[in-house]
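Per full-length UniProt numbering, the sequence shown starts with residue 1, numbered consecutively.
To be clear, the hints were calculated from the coordinates, so they are not data collected in a lab.
Certain hints may be false.
Label pairs and their calculated CB-CB ranges [to be verified]:
(1) E29 x R104: 31 to 39 Å
(2) R297 x Y203: 27 to 35 Å
(3) S67 x A204: 23 to 31 Å
As a list, the in silico DSBU-like pairs of lysine-lysine whose alpha-carbon atoms are at most 35 Å apart [as the list claims (entries may be wrong)]:
(4) K63 x K31
(5) K188 x K38
(6) K228 x K274
C-beta: ideal position from N, C-alpha, C; glycine also.
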Amino acid sequence: MSHSIAIIGASGYTGAELIRLLATHPSFEIKALAANSKAGQPLANVFPHLRHLDLPDLVTWEKIDYSQIDLCFCALPHKTSQEVISKLPKSVKIVDLSADFRLRDPAEYEKWYGNAHSAVEMQSEAVYGLTEFYRDEISQARLVAGTGCNAATGQYALRPLVAAGVIDLDEIILDLQCGVSGAGRSLKENLLHAELSEGTNAYAVGSTHRHLGEFDQEFSAIAGRDVKIQFTPHLGPFNRGILATAYVRGDSDAVLAALQSAYEDEPFVEVLPKGETPSTHHVRGSNYCHIGVVQDRLPGRVIVVAALDNLTKGSSGQALQNANLMLGAPETAGLTLAPCFP
C-alpha cells in the first residue's frame, strides 16, 4: 500500500535527510514539500545533490492539500512547529522533529525553552519518539515527538542501565561530542569555518542545555525517582555524527549484559564486544547506533561509549522509523542503507 507524505521545513538539514531516505522507500511517496522562505523554487536550487529526484517544487505550508496527505514530517524550529502543527487537519498523522512536543509537562517546556506552550492539548497527546522504547505507543499515535539528537545518543547508552538497576543513579556523567550540523542550517557566526575548524569547545555547560529536560524526564520515569545526570556537550569541527561517553559506577559485565539484553533484537542498535568502542565514522549516513563498554582502570567504574549520526538515527532516520510504525509499513523500510565510509 502506498502512502502520501509531506515535509514541512524541507530546506533544512533534517528536511534534506528525510528526502534522501524517502527516495528509496518502497511505499512512501513525497507529494508535497514546504519551505516558506524558499517557496516557489525547485528543490534542486536548494539542495543540488537531490536534483536527480522527481520532486514537487517548494511551497508554503499553507498551500499543501492535506486531504491528499497521510503523514506529515514537520522539520521546523521549536515554537514555530507547535504553531503550525496545531493548525493541521486531525486526519493527518504527524512526526515532529522539533523540541515542541518532547516534554510532557508544559511547565518543563517553558522552563527549558523560555516560552509558554501554545498547543498544550496536543502536547499531552504526543508520544515520545525514541522508537526502541516506545514502539507500541508510536504505532498507535497520531503525533510523535522526535527526540533531541544528543538526548537520543545518551539514552541509548544509559536507559537500559537505569532500567536494570546496574549503575549508581547518583553518579552518571555524560560527555558528548556533536557535529556542526546539529546546530541547524541557519547562519551563525560561531559556526563559520574560520571560527569552528581546527578546534572544539564545550557549550551550554552546567545546567543550561535543553536536552537535560529530556534526560530528567525519561530517566526519572524509568527509575521511579529523580535522576539528574551531569552532562557536557562539545561542538566538534566535523559535519555530522555524535560520540557520547558515559562514566558510570557499576560492574562492567552487568552493564554489558543489560545493554545486550535490551538490544539483542533491535535492527539498528549494535552492542560491540567488550573492550571495543565505536566511531562516528562507522555509522555515518546510517540509521545505526553502535555502543561499546570498557572497564575503567578504577574498580567499580565503567565507561560506555555510543555513536550515531545526528541527522539520521538522531533525527530524520528516527522520524522515518516512527512513520513506518504509524502507517503499518515494515519498521526498517528505507533505512537499511549501510554507513558511508570513509
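Going through the hints against the structure:
no. : hint                    : in the structure
1   : E29 x R104: 31 to 39 Å  : holds (33 Å)
2   : R297 x Y203: 27 to 35 Å : holds (29 Å)
3   : S67 x A204: 23 to 31 Å  : violated (42 Å)
4   : K63 x K31               : holds (12 Å)
5   : K188 x K38              : holds (19 Å)
6   : K228 x K274             : holds (27 Å)
Taken one by one, the earlier hints fail for this structure only at number 3.
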